[in-house]
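Colleague: Full structure from sequences and hints, please.
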Amino acid sequence: MDKILEIKNLKASVTETEEKILNGLNLSIGKGETHAIMGPNGGGKSTLVNVIAGKDSYSVDSGEIEFFSEDLIEMEVDERAKKGIFMAFQYPSEIPGVRPWQFIKASVDSKRKFLGEKELSVREFSKIYDENIKIVGMNQDLMKRSLNEGFSGGEKKRNEVFQMLMLEPQLALLDETDSGLDVDALKSVGDVVNRMRNNERSFLIVTHYQRLLDHIKPDFVHVLIKGKIVESGGYELVKKIEENGYESFV
Amino acid sequence: MEYIKHYEKNFSDLLKTSDIDHAKQNSFDFFSKSGFPIKKKGDERWKYLDLRSLEKTFYSTDYDNDNLTINFDSIGLDKSNIISVNNGVPKYESLEGIEIIPNELYTPIFSFSEDEFLSLNTSLSSKHLLLKVNSKFNGKVLNIVYISDSEKEILECPRIFIEVEQNVELTVNEIFISSDAVNLKLPVIEIILNENSKVFHNLVFQSSFTENNFKFTRVDQKEDSFYKLTSFSNSSLLAANDIKVGLNGKNSECDLKGLYFTTLNSQFNTHVVVEHNVPYTKSNQYFKGILSDNSRAVFSGKIYVEKNAQKAYAEQKDLNLVMSKGAEIDTKPGLEIYADDVECYHGATAGHVDESTLYYMMTRGIDKKSATQMLVNGFATEIINEITDEKLRSFAQKQSDDILPSLSFDL
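Going line by line, the protein sequences match chains A and B.
Just so we're aligned, residue 1 is where the first sequence starts under this note's numbering, counting upward by one.
Just so we're aligned, residue 1 is where the second sequence starts under this note's numbering, counting upward by one.
Think of the hints as simulated: they come from the structure by calculation, not from any bench.
One should not assume that every hint holds.
Unchecked claim - Short derived list, chain A residues pointing at chain B, Cβ under 7 Å:
1. A81
2. K82
3. S110
A quick note: this is a predicted structure, and the numbers were derived from the prediction, not measured.
All C-beta atoms in this analysis are idealised placements derived from N, C-alpha and C, irrespective of residue type, glycine included.
Modeller: Below you can see the structure in the form of structure tokens.
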């Protein structure tokens, strides 16, 4: 199967403190696959997705990250995004004075321009925007405020998923999108992911808990401890973790 | 000081043509003793700014050119209800609902001795206007447009006093049009809000890199009155927005907001004082600055609560985005409270564009420069949206849109 993401022997650290977080991590994601990463706090889960997205407070010390066989490491964050990487944040930023519509329109325009596609007219864009708001179950009134300002934790997460729908990424990174969600919101996030799954699109889902994965049923599950993937398997691995905790993998 | 001698001559010339006025004489005596507040120790308002250029230029008070035309289309303002102030000299036509009385003696609502610029204005102002706004003007908009095109250095001391009749509501727009004139402007506006009146005051400074503009607003609020001021300032060589509001009637409330852009080597001073002088009063101060290049801004704000002014509620905030290494903000919020049953909040911040927010935006495919501009625009828009006059708001938003791409972001 065609590879979307290939990570080889990746070592990464916090730029400012030089603290080593990822210690020789290998991960290969094929087209259409959904992978889940589980692991204890401080194991490097969030670091991994942020390194893939390009956050510059982390430094790649050695190893390779390839996205469609192209080296990602030197690529700017926005270029990675335009090429099809999306990240749903654990703690999305609030942006005063910027409306959700304006923000996502700028994002979609930027990506389409990069890909040489025609800019959507306001009408075409609005149609997709309204449809996706319904799919995610976003509160319309919230979308008239500044982006994420005054949104509850759950509403922020829904808004992340909404943006994912709008941007139609090739690889979606979900960083603990399930944390702080009530049952309904959790189901709604799971439904959107399932709806978006197809042969071309892949997901990398970072989570602490089984409950989101019960909705999504990932193809592969990895256990990340101390900056390394120590075990990989199928969905059944989730059960094993729930029963025995992470200690059995150390 | 040589420049003080120069103004002494101006002052004695003025006395030859007008009646002797003790207030003028006292004001001038105050000014000639103090001079401009250059590097004045202990004076938080002016000590961070470089005012030395004011000593070197001998501004003339000879107003000879008052026939300027204003391009209203460029501002998008209505041509009605206009008072234009040309090189410091007010021009107007009769306005229904406003009684205009030129050059009448009146008692100012401030003391000349609170500031050297105010004292100079008081002593040299020769053509002031008294406006009495009555119910026939209710709901209307008064536009005061300042424009200069003098080729010589003129000292402008315009002075407008507005008294709003009780139960009357109006909008006052003040706009300083950009010019290449090299004047020193000391405009003063005083507003008395009588019982249950409302004033929505919008103030726009267009950029001018040749002029110095020290703008003073003094407000006296009676019972149940509401005053809202929103100011927008695009960087000028040296400018000040000096505001003082007295809440002198029960249930009076003021809402003061402002945005200042400073670029290149411009300097901008915001000074705000709100005095809660009676019980049950409410005030809000919310200011924002965007500083780049080698510019400098100062914010000094004060909430003053008189001993008997119980149940006062007051907020004060000054937030600054510093975009360049060479830019500097000195911000000093202040409280002076003598009553014990009050609720007061204050705070100030100075920071750079938030890196984690930029990262968030870039993960959506927006490049760093566009993301920064969008963030700064969002920061600015919050204040611009408070401008109550739609036309002036669009004008300010356009000014802001024009500035953003030219701002340097070197941090």
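Colleague: Taking each numbered hint in turn, which are not upheld by the structure, reported in ascending numerical order?
Modeller: none
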